[in-house]
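**Student:** This is what each chain is made of:
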Amino acid sequence: EVQLVESGGGLVQPGGSLRLSCAVSGFTVSSNYMSWVRQAPGKGLEWVSVIYSGGSTYYADSVKGRFIISRDNSKNTLYLQMNSLRAEDTAVYYCATMTLLTGTDYFDYWGQGTLVTVSS
Amino acid sequence: DIQMTQSPSSLSASVGDRVTITCRASQSISTYLNWYQQKPGKAPKLLIYAASSLQGGVPSRFSGSGSGTDFTLTISSLQPEDFATYYCQQSHRARSFGQGTKVEIK
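Chain order of the listed sequences is Z and R. Heads up: the first sequence runs through residues 1 to 120, numbered per this note's numbering. Heads up: the second sequence runs through residues 1001 to 1106, numbered per this note's numbering.
Hints are not guaranteed to be accurate.
As the list claims (entries may be wrong) - Distance condition first, Cα-Cα at most 27 Å in a straight line; then the derived DSS-like pairs of lysine-lysine:
hint, chain 1, residue 1, chain 2, residue 2
1, R, K1039, R, K1102
2, Z, K43, R, K1045
3, R, K1102, Z, K43
4, R, K1042, Z, K75
5, Z, K64, R, K1106
In case anyone wonders, no lab produced these hints; they're calculated from the structure. Owing to the predicted nature of the structure, the values given are computational and were not obtained by experimental measurement.
Can you make the complete structure from the sequences, with help from the hints?
**Tutor:** Shown next, in the form of structure tokens:
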């Protein structure tokens, strides 16, 4: 059974930093694509970042240059380092596994989410 | 960036109704389109991938169609557990979601 458990959320001041973790079981992080998706309170889903099995990383324009996605293969854990945080980064952050098909992919397993609040 | 636009943003329907939600992409995305269901306080759940393939364990009353820029999610006979918010998501270039469609009880 695939399980994802996020941690690291909390209250942070504007301009501050936070690192989210996503501990994964039943699925090998290093061999697959993994993503972060966020949801601001009362709003829709927003894709944030992806890390490919080969290590390539991509980001939404809204977080490019401020967030860094990474993984620790030995711990089978995904991370999101968030710097220069803004009020608009306030959201529940989900990590998700991705399944690949020919030329495409989708998010199939999700964690329960961790809330990040950026406020003074 | 590819923009995804869903319509309607919300709808009211009764148990047993046939419900259709549409999703339009700002440029052609072939069939690189997925649908998710989300209930309050819960993570999204994959329903349909690659525009029309039903994810394992998802009831057959859910179906998807379309290609290029226009896509549809259909619930053939709405059940009480289907009241939720539905999102489309493209995986053709980067990834992006539609704004969501909330299905409420009439």
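**Student:** Which of the numbered hints above does this structure break?
**Tutor:** Number 5 - this is the single hint that the structure violates.
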